[in-house]
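Trainee: The hints should help you fit chain G onto chain H, whose structure is shown.
Okay, here's what each chain looks like letter by letter:
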Amino acid sequence: MIYLKSRKDKFKIFLFILPALVLYVLFQIVPMIGAFYFSVADWKGIAGTSIKMVGLKNYITVFKDPGFLISLQNMGKMVFFSVLFHTPIALLLAVAINTKCRGYRFFKAVYFVPTVFPLTAVGLLWYFIFMPNGSFNALLTNLGLANLVTPWLINTSTAMNTIIFVNIWAGIGYYMVILIAGLTTIPDDIYEAAQIDGVTTVQKFFLITVPMLKPIISLCIVMDIIGTVKVFDLIFVMTEGGPNGLTNLPTTLMYYEAFRYDHYGIGSAIGIIIFLIALVLTVGSEYLTSRTEN
Amino acid sequence: MKRFLSLFLAAALCAGMTACSGSTGSKSDGNSDGEKIEIRLLTRMAGTTKQVEIFKDIIKEFESKHPDVNVIDESQGDESSFNNKLKTDLSSGTLPNIFRIQGVANLSEYIDNGLIMDLDPVLKADPEWNKFVPGALSYYQVPNHNGTYAIPMESGLIGIYYNEALFKKAGIDSFPETWSQFKTAIQKLKAINVTPIALGAKTTYMAGHLHDQIFYKWMGTGAAKKLGARNMNWTDPDVVKSLSFVKELNDMGAFPSGAAGISDDIVLSQFQKGQAGMIITGTWNISNFTNKKDCPVADDIKVAKFPYFDEKPQYKNEDMQVISPYMVNGKLTGKEKDYTIELLKMLTSKDAAKRFAEEASFLIPRTDVDIDTQKVNPLLLDNIELGKTSTGIAVDVFDFDPLASMQDTTRNAIVSMLVGSSPEQAAQQIQSEIDKSK
Chain H
71 MIYLKSRKDK FKIFLFILPA LVLYVLFQIV PMIGAFYFSV ADWKGIAGTS IKMVGLKNYI
131 TVFKDPGFLI SLQNMGKMVF FSVLFHTPIA LLLAVAINTK CRGYRFFKAV YFVPTVFPLT
191 AVGLLWYFIF MPNGSFNALL TNLGLANLVT PWLINTSTAM NTIIFVNIWA GIGYYMVILI
251 AGLTTIPDDI YEAAQIDGVT TVQKFFLITV PMLKPIISLC IVMDIIGTVK VFDLIFVMTE
311 GGPNGLTNLP TTLMYYEAFR YDHYGIGSAI GIIIFLIALV LTVGSEYLTS RTEN
Chain G
370 MKRFLSLFLA AALCAGMTAC SGSTGSKSDG NSDGEKIEIR LLTRMAGTTK QVEIFKDIIK
430 EFESKHPDVN VIDESQGDES SFNNKLKTDL SSGTLPNIFR IQGVANLSEY IDNGLIMDLD
490 PVLKADPEWN KFVPGALSYY QVPNHNGTYA IPMESGLIGI YYNEALFKKA GIDSFPETWS
550 QFKTAIQKLK AINVTPIALG AKTTYMAGHL HDQIFYKWMG TGAAKKLGAR NMNWTDPDVV
610 KSLSFVKELN DMGAFPSGAA GISDDIVLSQ FQKGQAGMII TGTWNISNFT NKKDCPVADD
670 IKVAKFPYFD EKPQYKNEDM QVISPYMVNG KLTGKEKDYT IELLKMLTSK DAAKRFAEEA
730 SFLIPRTDVD IDTQKVNPLL LDNIELGKTS TGIAVDVFDF DPLASMQDTT RNAIVSMLVG
790 SSPEQAAQQI QSEIDKSK
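Residue numbers (the numbering used here), protein chains in the order written: chain H, 71 to 364; chain G, 370 to 807.
Don't take each hint at face value.
[Stated by the list, open to error] Straight-line distance between alpha carbons at most 20 Å, and here's what the computed DMTMM-like set of lysine to aspartate or glutamate pairs gives: (1) Lys114(H) with Asp458(G); (2) Lys661(G) with Glu533(G); (3) Lys114(H) with Asp804(G); (4) Lys616(G) with Asp679(G); (5) Lys807(G) with Asp135(H); (6) Lys805(G) with Asp112(H); (7) Lys807(G) with Asp112(H); (8) Lys557(G) with Glu533(G); (9) Lys122(H) with Glu478(G); (10) Lys454(G) with Asp303(H); (11) Lys456(G) with Glu310(H); (12) Lys500(G) with Asp487(G); (13) Lys114(H) with Asp481(G); (14) Lys114(H) with Glu478(G); (15) Lys671(G) with Glu727(G); (16) Lys122(H) with Asp481(G); (17) Lys170(H) with Asp258(H); (18) Lys685(G) with Glu754(G); (19) Lys610(G) with Asp620(G); (20) Lys714(G) with Glu430(G); (21) Lys405(G) with Asp442(G); (22) Lys805(G) with Asp135(H); (23) Lys704(G) with Asp487(G); (24) Lys134(H) with Asp804(G); (25) Lys454(G) with Glu310(H); (26) Lys616(G) with Glu793(G); (27) Lys744(G) with Glu728(G); (28) Lys419(G) with Asp741(G); (29) Lys127(H) with Asp804(G); (30) Lys456(G) with Asp112(H); (31) Lys723(G) with Asp707(G).
None of these hints come from the bench; they were simulated from the model. As the structure is a prediction and not an experimental result, all values here were calculated from the model.
So here's chain H without its partners, still in its complex pose:
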């Protein structure tokens, strides 16, 4: 810990913090307070009109709305499967690439490419693949598997799963790069010592790599949860929440309520609920991982 004694030093540090602090307060804290305020108010979204305080009415309306419950269910499913697949697959890829096998730089770039694209572009790309007359169905037909052809993005049983798959595909590279960075911090000595002791490759993975990467893995999981709860663009481009709200997430519903239906109160209430969910999931996952560590 560095102790700052002189006032001058403290002032200097404060000056450096100030820009980020102002930006953070202006664009994070103030809107958050605003969202909370609007979530207990009824406002039509017209400047200068009266804002009526309605207490928890907006929250009650939201929780009574079957569309919101479907979106919550979709979000839960998306978070669960994203956490289940993102980090484990990314870890396996990171370990494989970290062996510096032939062409590892190429594979690293290839796996990272989806992360470079904006999620809207990724969504559009996969929409053309999965749309009813898209290339995936054409491929199935050409392979003689016409019985498997289905409208992936509108079938009740496949629509959300398809989007979850795309979300996983698009995010793996990002977590892989973080994990590769984590892998480089594990000293080679440990692996060498283990090898002398006759430890197999699989044992090395589970007894050295995974435990040593635990902080990074838990960071990936937390980031994954927050990122998945906030997904908006993918749904917006691939299905627009349809058909009939089947693939809505709370984020898309929030947008529709506020910006299409002029229900700023309800939209803000959904925003606050998303914030609380992200908070609970983040704190919960932090608690779980720290407990395992202890």
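Mentor: Showing chain G alone in chain H's frame:
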């Protein structure tokens, strides 16, 4: 030196940030101090089409006439981007000078807050400009408010554009006039492996427009007003019946497989390539049907009215038409107001209407347009002729509803019938949105 440099960097960062956040977008409302008057436009006239080119030409002409005016065109072609921009402007009190809001009944709130100008005095003061089709102009006479709150800048029948060659190939000699003939035609088109109706309901307006057509032919345009005024329910048997016709078409395979997951541009392209027999659309797509490069079957495309129901001949000419508005900011004063109205007049003048019609097949509903029929696309002429026979016109059914959410709610419920819901469930879904707001 290093200390000084670090302090300088931090101060520069702060200064830069303050400069960024300090701008409040102050807007000049006069040119007394030499500043230009700003006129902001927020329309859907964006992109690379001919109509946008004409729109921009008129703006340039206006600017060259008035060097003290700066026209800022913030128009957005994409519906979502447009809505985002409009809602942000409404909520932040920075409404543009000329803009558009979809719907009629939902305008009350904006009128009550003085956001939309009553254009009646302007229309009365200029009889030469006031030559708009009465039906189109009266569309913006909002219930419970005196005055006219928009100038119609686009009109035209939303009908069925069909591929005559495919119809003939299927053994259909003329376009079906009645619902029963329509269903027979669909079956015949299916028999020759052609998608009967190009409908991509991922872009939900397509399903909405289909139901609008059916609704007006089944119950007349007046019924939409009754629904909006709450004198009728979506769960009423006749309304449910109108929904069931959409379901009937879906069940008989009138649409492409998986229509609910296909977007409008994809089905439009199918129709342009001769893979689909019909498409329900408006005059805005005529230019897409005449360019042989994009539409090899251009010569075969014809336009017709949506068929009427044999048992409801009284609604034969109750038609869906597009009517798009230009609205003027109700808070304008002084020179800024005068300039804005002048620009509005230029955009909707007799000369502009002629140019839009002849060069872009885009119809401004004026009675005094002297169109050179040699220059105009035949499809547009047919559309104009068909439109003349309308006894009642309306845009979307939800246009008469005061709830802003009805656009999505009705369209989503209609799409839900394409993926398994019953007409009763769809009707209930829409009605519950209304009940929720009571």
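Trainee: Which hint numbers doesn't this structure obey?
Mentor: Checked against the structure, the only hint that fails is number 31, while the rest are satisfied.
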